[in-house]
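On the provided structure of chain A, position chains E and S as indicated by the hints.
Spelled out, the chains give:
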Amino acid sequence: MKKLLLFILVLSTLLRADEAQDIMKKVDNNMRGQNVYMQITMRITSMGHTRTMKMKTWAQGTKKSFVKTIYPPKDKGITFLSLDNQMWQYVPKIERTIKIPTSMMLQNWMGSDFTNDDMVKQSSIVDDYDPRILKREGSVVTIELTPKEDAAVVWGKIVTNIDTTTYTSNKDLFYDEDGEVVRTFFYSEVKQFGKYYTPTHWKVQPVDKPNNSTEIILEDVKYDTKISEQYFRKSALKRFSR
Amino acid sequence: MFKLIIKLAWNNAFLRLSRTLLVIIMIAVSMSMMLSIQGIYDGMTVNMIDKTKRSDCGELSIYNPKYRIDKVMNNDIKDADVIKVSLQERADVTAVVTRFSVEGLSATARKSTFANIIGIDLDAEKSFGQFEQFLKEGELKLGKRGTLIGSELAKSLKVHVGSKVIFSTQDRQGDINAIALKVKGIVQTSNITLDASVLYIDRSRLNAFLGVDNTVATQIAIRSASPTLQASLQKQYPNLEVKTLLELYPMLQQMKDMMKIFNSITFFIVMLVVFIGILGVMYVSILDRIREFGIMRAVGMEYRHIRLQIFLEALFVGVVGYAIGAFLGFISLVYLHQVGLNLSDFSDGLASFGMDTVIYAHIELSYFSNTFFAIITASLLSVVLPLQKIKRLNPIEVIKAET
Amino acid sequence: MFSLALKNILFYKGRSITTFVLTFVSTLLFILYVALMDGSHGSMLQNALKVYTGSIEIYKKGYRDIGGNEYFITDVAKVEKVLDKIDGVEKYTSRYETYGLLSSSENSAAAMVVGINPEKEIGMSELSSTLVEGTYLSRDSGNCLYAGVDLVKKLRAKIGDEVSFVGGASDNSFAADLFKLCGTFKTGSFEFDASASFITRSYFDELMYAQNKASYITLKLTDLDEVDTINKEIETKIDSSLESVSWKVLMHAMVEAMQVDSIFGYISLVLFFVVIFFVIMIFGFINVSSRVREFGTLRCIGLSRGKIRLLLFYEILILSTAAIILATPLGAYIAYYYSIHPFVIEGMSETYKQYGVVSDQVPLSFDLFTISWNVILIYLLNFLSVIYPIMYINSFRPIEATHHV
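If you're matching them up, the sequences are chains A, E and S in order. In this text, residue positions in the first sequence follow this note's numbering: the first is 1, and each later residue adds one. In this text, residue positions in the second sequence follow this note's numbering: the first is 1, and each later residue adds one. In this text, residue positions in the third sequence follow this note's numbering: the first is 1, and each later residue adds one.
Chain A extracted, bound-state conformation (with noise of 0.2 Å):
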């Protein structure tokens, strides 16, 4: 009887962790596809004023993302490029195509409270951290994601809230390894296409500056549709920049 019940113990957390990981993995579908083209507006909240940027993004798997800017006038035309592990900006303005060095990877993105890092490695959620459920509300699942060993991500642990009727997040908390919070992501007005579900507003919210955000709206979403390869060349930063 005893064994029995041990039995099940086991396997009902393995399954939990089995299923753990199996809704992370759908939410990280659901983020990417196979490829993925977004047109974007990013509202950037600081020191008392707002700024907007639009953009267009295109993402295939994990390793390969262009995005190019449309809005505002000034920074019309500057692409950026994410090839493997490395990074390479165009401006127009000064005509010049620069790699991006590692001691600006860590800089905030334009101004932003997203990090270059953010905007290069999206691939993290599921191969760098293990999840773990910490509570069902209805169809909600808080998820605690423990970086793995030897992931080099800064944080000391992910907090997110996934909804398993769309398998996606609505809250993201980031926490510091001595468990403080440092920046919270909110998703909202999750919209489907075709077969995948993605919120289409987001907020990013560091702590210590509660005056500062910085909003992504999803404009225009299209999945695995055919992403030319000469997307994700060199060439491309300075061609798609007109």
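Just so you know, these hints were derived from the structure itself, not from any lab. Some clues are possibly wrong.
Said to hold, decoys possible - Label pairs and their in silico Cβ distance ranges: (1) F373/E - Y337/S: 33 to 41 Å; (2) Q236/E - K93/A: 52 to 60 Å; (3) Q133/E - Y71/A: 53 to 61 Å; (4) E133/S - P73/A: 37 to 45 Å; (5) V161/E - K25/A: 34 to 42 Å.
What the hints assert, rightly or not - Keeping only pairs whose Cα atoms sit at most 20 Å apart, straight-line, the calculated PhoX-like set for lysine-lysine is: (6) K158/S - K209/A; (7) K157/A - K111/E; (8) K71/E - K99/A; (9) K209/A - K136/E; (10) K66/E - K209/A; (11) K153/S - K180/S; (12) K153/S - K71/E; (13) K157/A - K182/E; (14) K144/E - K148/A; (15) K66/E - K148/A; (16) K66/E - K158/S; (17) K61/S - K209/A; (18) K153/S - K389/E; (19) K182/E - K144/E.
Even for Gly, the Cβ is constructed at its ideal location relative to N, Cα and C.
Then chains E and S, alone, in the frame of chain A:
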């Protein structure tokens, strides 16, 4: 005869006890103070030089000639492992380490800053420069993900033992690569640049991370007592740079020179004044007894015996003073050597020069031997003038003279 | 009593001369040594300040700890109006510091790019005088970049080359531009020379949207000694979101280093004084001990112990005063002369450049207050030295003294 002279000298030296005692005290106190000061000053320089040797470049270091200007991975030393083995086989080399160092970014959830990662062989570093003495907190382990972080870098990232630090840089292929490290210990080398930027990790781990292997190194550091080693190594490896500690850190050479000059001047001035003190006492003491000497001459004692007696008198005073001074000085130096001078109130200022807050004195035999010779010389010289007076004595006149 | 003392001095020439010479030498030595120490510290400070840091700097609170665009001073003109009315502020200028990526055709490097007012910087910092190649900036030099030699080396650029800049503007939006390398400088501080570059504000402000903004305002004072009073005055007059910080805080490490240096200097002096004290005492003692009969006689004819004390005191007073009167003006004059015409150690600036020493001159400090307490100390030393001899002589009973051998 000589026994008599010695007895006379001894008794006369201590005839006017308080006077003689004063001189002895003067010699003893000045000597011990001077020795202590010398010990502290030398201690400061020796300490700094020693720390730099142990934490960084040893007595000699080999670099790729382009490396010191542009510290990038590509300016490394090829065949470093072969060079290392050949160096270790030399009789005049006591220890060799190879290091591979790369600049990059260190980050925590809240802060990121510039850092330098150095792949080391911890055991080799221990025999190279007693690396274990640099450990300030935590333990001296590296393992797979462990790192030893410089004390100032730890402060700037606000991390402690057990914290996680991400280091990212470009590997050999130019890809940006990151590695997660756990702080196992905090080290303080007193080498300002190191303490503010270093993350030590295990060399094999660094190789895996960067895609390099043990055949390359950015620095080969050598401990050796041989003064000819640099020349012979430079000849053997004409395509590499072989530099001494003082060439790499010219500032240390200047410090050494300055200290030497300063200590010499102090020594000279103190000995000069001590000489004046002895001179005064001996002069008066002899003049007081001029009748006595006159009588001795009249009675038939030879000038040279009187001279000997007077020399001995001066020597007794000098030697006793020296002995007490050396004793006091020794105690003081030993204390300062073990316990040191605590200047933690000025830690920021000292740290900016790469110095510790506690300064330990250096002890050298030459302190004692130099002072010995100086005092002996001073004692003997001090009686030259009075001796002249005695030489020209006319015994009869002296006996007649008024006191 | 006094005339007796005078007579005694003239009679016992040996002791008098030695004591006189020793006091003379120690006074002179003391004055000059302290003058040298203070002078070199003063000049170290001036030099360090001249290079880049101001005697006082005004920041928005939080900038020095955290930094970033959030902590810029947002109304520079308002602060400058306040500074115009404060006495003792000789000059001021604002600087706009930002970090970005500079790229040449060969290489790129993260660097600090600072928007400055080039003419105002002349006389406030060493930027213009540390020019090595090319030209320094002017108000209208446009996109001319003035960079440190080691930064330029890293970029493998030469004068006239185009250098691109990528970074964030004051509102955090993206900023990029092309600069032209017009000049290079070398201060000797490797960290500075490898990461700092300068451009005129009239051009940079447009790119950065930084008009009327600044990272901080740096001040030069007419009299460095007034720094604390002026700093307090500024603090009361500027906005509470701003702070005014003196060099003592900004260059905290240097202040402590100077203190350490002073301590060691004084320790050495103490050693000298101990030795000199002993010697003066010995001579005093010898002199007194050879006059035991004389004092015995004096006591017999009715002189009290107190009078004897007075006599000996007068003797040392006359001797020290004579020596001090000669040594002090001489020392003061030398200090004064060399404070105006510092003496030059060739090559010193090359050697100590990393400590911010940019000139070969070593001035002495001329300060009457310092000289006064130096002199008082010497007097004290001399008076102390005569205590033991006095005690010795007074321990004899008169008759016994007259029989002394």
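Distance restraint between K66/E and K209/A, which requires alpha-carbon spacing of 20 Å or less: 44 Å, violated
Mind checking the hinted window 52 to 60 Å against the Cβ distance between Q236/E and K93/A? 54 Å, holds
Sort out whether K182/E lies within 20 Å of K157/A, counting only the CA atoms. 15 Å, holds
So if I understand the rule, the pair passes when the alpha-carbon distance is 20 Å or less; does K66/E with K158/S pass? Measuring from Cα to Cα gives roughly 19 Å; hence the hint holds.
Against the range 34 to 42 Å, how does the distance between the Cβ atoms of V161/E and K25/A compare: consistent or not? 36 Å, holds
Take a quick look at whether K157/A and K111/E sit within 20 Å of each other, Cα to Cα. 16 Å, holds
Does K209/A lie within 20 Å of K158/S when you go C-alpha to C-alpha? 42 Å, violated
Can you tell me whether the CB distance of F373/E to Y337/S sits inside 33 to 41 Å? Roughly 39 Å apart at Cβ, these two residues keep to the hinted range, so it holds.
Is it true that the CA of K153/S sits at most 20 Å from the CA of K389/E? 74 Å, violated
Just to be careful, I want the Cα atoms of K153/S and K71/E compared with a cutoff of 20 Å; is the pair within it? 12 Å, holds
Take a look at whether the Cβ-Cβ distance between Q133/E and Y71/A falls inside 53 to 61 Å. Holds, since Q133/E and Y71/A (Cβ atoms, about 59 Å apart) stay within the stated range.
Hint check: K209/A vs K136/E, CA-CA at most 20 Å. Holds or violated? Violated: K209/A and K136/E sit about 34 Å apart, past 20 Å.
Violated hints, in rising order: 6, 9, 10, 15, 18; the structure is consistent with all others.
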